[in-house]
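S.K.: Residue numbers (numbering that gives the first Met the number 0), protein chains in the order written: chain Y, 0 to 341; chain C, 0 to 213; chain S, 0 to 160; chain E, 0 to 378.
Since the hints were derived computationally from the structure, they do not count as laboratory data.
Hints are supplied without guarantee of correctness; some may be wrong.
What the hints assert, rightly or not - Derived lysine to any residue pairs resembling SDA-like cross-links, with alpha carbons at most 25 Å apart:
no., chain 1, residue 1, chain 2, residue 2
1, E, K330, S, V91
2, E, K175, E, D146
3, C, K12, E, D194
4, E, K183, C, P42
5, E, K55, S, P157
6, C, K48, E, P172
7, E, K183, C, R23
8, E, K183, C, G19
9, C, K12, Y, G321
10, E, K176, E, E284
11, E, K150, E, E277
12, E, K55, S, W138
13, C, K43, E, R72
14, E, K175, C, A45
15, S, K130, S, M156
16, E, K143, C, E37
17, E, K307, E, K330
18, E, K330, S, S23
19, E, K150, C, A45
20, S, K43, S, E4
21, E, K150, C, C66
22, E, K215, S, I104
23, S, K130, E, R29
24, C, K33, Y, R36
25, S, K66, S, S36
26, S, K88, E, L93
27, C, K106, S, E151
28, E, K143, C, S27
29, E, K302, C, Y109
30, E, K188, C, T16
31, C, K43, E, E142
32, E, K215, S, P127
33, C, K38, E, R155
34, S, K37, S, E50
35, E, K150, C, E127
36, Y, K140, E, D35
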Amino acid sequence: MINFAANTTYTLPILVHAAVPLTIIVVYALVAIWGERKVAGFIQDRLGPMHVGRWHGWAQSIADLLKLLQKEDIVPKDASRFLFKFAPFMMFAASYAAFAVIPFSSGYIGSNINIGVFYLLAVTSLLTLSIIMAAWASNNKWSLLGGMRSAAQMVSYEVPTIATVLTVIVVAGSLNLMTITEMQAGNDILGFLPNWLIFQNPFLIVAFIIFFISILAEAHRVPFDLPESESELVAGYQTEYSGIRWAMFMLAEYADMLLLSLLGAVLFFGGWNSPFGDFMSGPFWEFFWFMLKGLLLVFVMMWIRWTLPRYRVDQLMHICWGILIPLSFINLVLVALWEVIF
Amino acid sequence: MLYVFKEGWSTFKSIFTGMGVTIRHFFSPSVTEKYPYEKIELPKGARAKLHVNIDDCIGCNLCARACPVNCIDIETVKATDDVDLGKTSTGNPKRFWLTRFDIDMAKCMYCDLCVHPCPTNCIYMVPEYEYSEVDRSNLVYHFSNLKPEMVAEVKEKAEQEAEQKKRERQEMMRKKAEAAKKKKEEQEKKQAEAKKSSNKNDNDKPSTPGKKDS
Amino acid sequence: MKTPEEIFNYLTNQFGEEDLSFESRDIGQPWITVLASKIREVSKFLRDDSELLFDTLMCLSGIHYPKEEELGVAYHLHSTKLTHNIALKVRVPESKPNVPSVESIWKTANWHEREAWDMVGVVFDDHPNHKRILLPDDWEGHPLRKDYVQQEFYQGMPTGE
Amino acid sequence: MTDQISNIAEKREMTINMGPQHPSTHGVLRLELDLDGEVIKNTRPNIGYLHRCFEKYAEEMDDYSKVIPYTDRMDYVSAMNQEHGYVIAVERMLEIEVPERVEYIRVIMAEMQRIASHLLGIGAFGLDLGAFTPFLYCFIEREKILDIFEKTSGARLLYNYYAIGGMIKDVHPDFKKDTNEFVKTFRPKIKELNDLLSGNKIFIKRTANIGVLPEKVALNYGASGPVLRGSGVEWDLRKNDPYSIYDRFDFEIPIGKGEMGTLGDCWDRYIVRVREMEQSLRIIEQALEGMPDEGDVTEGIPKRIRPKEGELYARSETPRGELGYYIISDKSASPFRVKARAPSFVHLGLLPAISKGALIADMVAIVGSIDIVLGEVDR
Numbered sequence: 000m001i002n003f004a005a006n007t008t009y010t011l012p013i014l015v016h017a018a019v020p021l022t023i024i025v026v027y028a029l030v031a032i033w034g035e036r037k038v039a040g041f042i043q044d045r046l047g048p049m050h051v052g053r054w055h056g057w058a059q060s061i062a063d064l065l066k067l068l069q070k071e072d073i074v075p076k077d078a079s080r081f082l083f084k085f086a087p088f089m090m091f092a093a094s095y096a097a098f099a100v101i102p103f104s105s106g107y108i109g110s111n112i113n114i115g116v117f118y119l120l121a122v123t124s125l126l127t128l129s130i131i132m133a134a135w136a137s138n139n140k141w142s143l144l145g146g147m148r149s150a151a152q153m154v155s156y157e158v159p160t161i162a163t164v165l166t167v168i169v170v171a172g173s174l175n176l177m178t179i180t181e182m183q184a185g186n187d188i189l190g191f192l193p194n195w196l197i198f199q200n201p202f203l204i205v206a207f208i209i210f211f212i213s214i215l216a217e218a219h220r221v222p223f224d225l226p227e228s229e230s231e232l233v234a235g236y237q238t239e240y241s242g243i244r245w246a247m248f249m250l251a252e253y254a255d256m257l258l259l260s261l262l263g264a265v266l267f268f269g270g271w272n273s274p275f276g277d278f279m280s281g282p283f284w285e286f287f288w289f290m291l292k293g294l295l296l297v298f299v300m301m302w303i304r305w306t307l308p309r310y311r312v313d314q315l316m317h318i319c320w321g322i323l324i325p326l327s328f329i330n331l332v333l334v335a336l337w338e339v340i341f
Numbered sequence: 000m001l002y003v004f005k006e007g008w009s010t011f012k013s014i015f016t017g018m019g020v021t022i023r024h025f026f027s028p029s030v031t032e033k034y035p036y037e038k039i040e041l042p043k044g045a046r047a048k049l050h051v052n053i054d055d056c057i058g059c060n061l062c063a064r065a066c067p068v069n070c071i072d073i074e075t076v077k078a079t080d081d082v083d084l085g086k087t088s089t090g091n092p093k094r095f096w097l098t099r100f101d102i103d104m105a106k107c108m109y110c111d112l113c114v115h116p117c118p119t120n121c122i123y124m125v126p127e128y129e130y131s132e133v134d135r136s137n138l139v140y141h142f143s144n145l146k147p148e149m150v151a152e153v154k155e156k157a158e159q160e161a162e163q164k165k166r167e168r169q170e171m172m173r174k175k176a177e178a179a180k181k182k183k184e185e186q187e188k189k190q191a192e193a194k195k196s197s198n199k200n201d202n203d204k205p206s207t208p209g210k211k212d213s
Numbered sequence: 000m001k002t003p004e005e006i007f008n009y010l011t012n013q014f015g016e017e018d019l020s021f022e023s024r025d026i027g028q029p030w031i032t033v034l035a036s037k038i039r040e041v042s043k044f045l046r047d048d049s050e051l052l053f054d055t056l057m058c059l060s061g062i063h064y065p066k067e068e069e070l071g072v073a074y075h076l077h078s079t080k081l082t083h084n085i086a087l088k089v090r091v092p093e094s095k096p097n098v099p100s101v102e103s104i105w106k107t108a109n110w111h112e113r114e115a116w117d118m119v120g121v122v123f124d125d126h127p128n129h130k131r132i133l134l135p136d137d138w139e140g141h142p143l144r145k146d147y148v149q150q151e152f153y154q155g156m157p158t159g160e
Numbered sequence: 000m001t002d003q004i005s006n007i008a009e010k011r012e013m014t015i016n017m018g019p020q021h022p023s024t025h026g027v028l029r030l031e032l033d034l035d036g037e038v039i040k041n042t043r044p045n046i047g048y049l050h051r052c053f054e055k056y057a058e059e060m061d062d063y064s065k066v067i068p069y070t071d072r073m074d075y076v077s078a079m080n081q082e083h084g085y086v087i088a089v090e091r092m093l094e095i096e097v098p099e100r101v102e103y104i105r106v107i108m109a110e111m112q113r114i115a116s117h118l119l120g121i122g123a124f125g126l127d128l129g130a131f132t133p134f135l136y137c138f139i140e141r142e143k144i145l146d147i148f149e150k151t152s153g154a155r156l157l158y159n160y161y162a163i164g165g166m167i168k169d170v171h172p173d174f175k176k177d178t179n180e181f182v183k184t185f186r187p188k189i190k191e192l193n194d195l196l197s198g199n200k201i202f203i204k205r206t207a208n209i210g211v212l213p214e215k216v217a218l219n220y221g222a223s224g225p226v227l228r229g230s231g232v233e234w235d236l237r238k239n240d241p242y243s244i245y246d247r248f249d250f251e252i253p254i255g256k257g258e259m260g261t262l263g264d265c266w267d268r269y270i271v272r273v274r275e276m277e278q279s280l281r282i283i284e285q286a287l288e289g290m291p292d293e294g295d296v297t298e299g300i301p302k303r304i305r306p307k308e309g310e311l312y313a314r315s316e317t318p319r320g321e322l323g324y325y326i327i328s329d330k331s332a333s334p335f336r337v338k339a340r341a342p343s344f345v346h347l348g349l350l351p352a353i354s355k356g357a358l359i360a361d362m363v364a365i366v367g368s369i370d371i372v373l374g375e376v377d378r
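Go ahead and model the full structure; you've got the sequences and the hints to work with.
M.R.: If you want it as structure tokens, here you go:
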């Protein structure tokens, strides 16, 4: 047991390590919320926020955040007070903690543990718990329905996510995200393609598609945004939340989206490796490439969100249990066979 | 199994078609009008606010009667004989002082029904839409251009004149009645005299009541 | 396709002369006045007879006749197969405004009858859910009666301006 | 809270209030749902939150023409059609003919309004199912129609443009040009809408086989308009009981065929609306061609409206179905009784019949597919 207060030699590096992902998350969330509104605006032939901060309304999410901070913190009379207040923070903590094992560049990773992927998947499962907690504590029927949907959805979709991650691990042979990234360096495939896992094995393309669909569901994005589907369940588990607690949910959700996208980038698109070999490499550029890949996936998620309607809860379950899970396991076998043969 | 693949393929196809549509829109220009900075001009007949050209109003009350929600409140006073209010631009003579012409835009339902009956086309909608108010009573627009003292004066004058006219009329009536009475008396007198004289001449002449006057 | 007169004649063959009467005014459409107690039978016949086939009830309206102190219900029927229309009317005294419900014949009548009860105060016998529809359940009076006076307060709230 | 839990556990059923403040009840509709899990056991619609005493007002007005602005406010999404129904009813009572040009303007306006209303209905339906973007694309097109309306009548939503015996004023000089241009630009947009929404597999999965309304039930419940046509009944008052000059135009009645699932499901009702927009475009094109250029539209408006004693029920086809006005006149200047038979009112009545056994998400789809406007339901 380390006494943090007394031992500054430990505390300082821990605080720094904690601060880096937090800064990234907060800055990203502010940008992404603004960005999502912009993307939605452009797709819908609108402009999106234009007013706050002059240039294309860049300060809109900061203004929103300030507004949310000032809002009254309403706790329903019959709510379970402690759980109600605690749930949003737990949700944020879950997605924040998972960032510890994300290798942002060759020079920076929060904690280079050798079971990185395992840890990440385990920690993100807490999201489900916090959503159920929020839903139950709100004492609202719509919230409850949203919470139940969310629990069913996330538990189900964890299976194909893990199965596809397993596929990658079969190829990479490691649970350490840093190692997985490092082995994707170089441009050897067909002479110019980078050594990213998605290009190494044709079945990994299928794996990526399954993975992408699953993370859409895990991050509650359209067409799988049932827990908070505003036209059915008002706002799902967030119905009774307001002010900063609601902002916490929002932050956690966007963080989760980024986390899963970054995981996808690590597993399939070579993490922080530059697509041009040694050109534009180095710790800073690595960070740039990594974030770019993650944000591109986030953009695709947004693009899908503003195009599609949403599935119904039973169809969602059918897609998961009836199609994705069998397919991902078949795919796992095929990938393994490919690895053995070639 | 084949069915699943077929379904999956058509699902993906339709999703990509949809995403193609949205990405095309992503790069097409927006249709937004940045309202407080850019304003589009409303067409001429746009119904946004009622306006009364009070100089042309003859106080006929037709608009108030046409209004389904009674948002027009008009009070008129008949002009005294010594003032000439002139004519409207359409040539109708004005006979009334408009002591009150209020339109409650909070009540107005923009139906345009008051515009059409107006004989001088003095009430109409104008394309002016930025007139929200914090206090609802500010939405009552007073179109009458008479000053309060003027209103009082006009009213007093009108009352006086009305009274005078009434008095005159009464006087006239009285005079008329008197004259009629006088005439009657005279006639009766005459008749009596005539009777007297005719009694001597002819007893059978029927007596006619004094209705024959010049 | 039948004209209202033909429909009336056809109906009189089935039902007694005393139950039905054909009426029309200066303008507009004629209608058949039906004895209140017979309306359900007549309706059922109108719907099921192969030469009439009135499969839809377009409209059901409650009417208040203040002079006669009567309430009326007007039924407008039409047939999508034979494309003819007919209007039926029932008159009942204000003191005993009971009319048999035709909900079992045309389901449209369910809400329309509730509305007629709500607005005019016609009581429909055997209606499965005889409640007010547009106004709150504890509202007083029936607004579309000509002698209606609005209650001043509803649950402590003033109802006037 | 423990009480509630044990209650739910005992009954296995939960009663939930959908509305009056709910994002997808299209206004202030309250649905009491008895749920078993997410499966709906029973639906009880509660209406009346938007009751504005239309019928009482109509009887209190001292003039038949003063009722017209109130008819606008019944179905505020298709105000032109509401006015059309009312004016033809009163014109029939007065037994007056309206000039040719007026009839053409009326038809064009009504059909444009039908497109605008269907656009809103379709867009909102997509929105209910989670597709936000088609809603705004529909709005862009709808705005163009409203611009044309605004140029002519001066208002964007509640026009009060029809008058008894004519129109309140003549159309804008640009009217023909604008409308032609709109018709031309709108056709490709329907295809785009089909790409984005109608053909989308997720959308089809959400709507096909949901809320099936068989033909017999539809007729028995008095359904009309796209809801009835979605069930495969070829019934359109513009064709079957022509009013105005609809008998002069060549157009088809699109009906549901059960292409994606069962006949009479939500998708059928939806696609009928999409195809109806195309037919409306055809009518508009023909009407623009046949419209006389000259003619005073206001000359036919009678100074004094005082029908003889009598009553009639006049119906017209609005975007939502059969709109009927039952008017009784007692020789006075104000109507003795005006009853509006609103299609949405009837359609909402059949909601319990088609929503049994559906999920909450399906309920949203069903409410969206019958396309109700609460202003018309509550009047």
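S.K.: Hey, K48 (chain C) versus P172 (chain E), does the alpha-carbon distance stay inside 25 Å?
M.R.: holds, 23 Å
S.K.: Would the pair K88 (chain S) and L93 (chain E) pass a check requiring their Cα atoms to be no farther apart than 25 Å?
M.R.: holds, 23 Å
S.K.: Regarding the pair K330 (chain E) and V91 (chain S), is the alpha-carbon distance no greater than 25 Å?
M.R.: It holds: about 23 Å lies between the C-alpha atoms, which stays within 25 Å.
S.K.: Taking 25 Å as the top limit, are the C-alpha atoms of K12 (chain C) and D194 (chain E) close enough?
M.R.: With Cα atoms ~10 Å apart, K12 (chain C) and D194 (chain E) stay inside 25 Å; holds.
S.K.: Are K175 (chain E) and D146 (chain E) close enough, with their CA atoms no more than 25 Å apart?
M.R.: holds, 13 Å
S.K.: Are the Cα positions of K307 (chain E) and K330 (chain E) separated by 25 Å at most?
M.R.: Given pair K307 (chain E), K330 (chain E) holds - Cα atoms ~5 Å apart, limit 25 Å.
S.K.: Would you check the hint for K150 (chain E) and A45 (chain C), treating anything up to 25 Å between C-alpha atoms as holding?
M.R.: holds, 7 Å
S.K.: Is the Cα-Cα distance between K55 (chain E) and W138 (chain S) 25 Å or less?
M.R.: holds, 16 Å
S.K.: Between the alpha carbons of K302 (chain E) and Y109 (chain C), is the straight-line distance 25 Å or under?
M.R.: Holds, at about 22 Å.
S.K.: Within 25 Å, alpha carbon to alpha carbon, are K188 (chain E) and T16 (chain C)?
M.R.: Distance ~14 Å between K188 (chain E) and T16 (chain C) Cα, so the pair holds.
S.K.: Is the hinted pair K175 (chain E) and A45 (chain C) satisfied, with a Cα-Cα distance of at most 25 Å?
M.R.: Holds, because 19 Å separates the two Cα atoms, which is no more than 25 Å.
S.K.: Given the hint that K106 (chain C) pairs with E151 (chain S), test it: the Cα-Cα distance must not exceed 25 Å.
M.R.: Given that 25 Å is the threshold and the Cα spacing comes to 22 Å, the pair holds.
When held up to the earlier numbered hints, the structure conflicts with none and fits them all.
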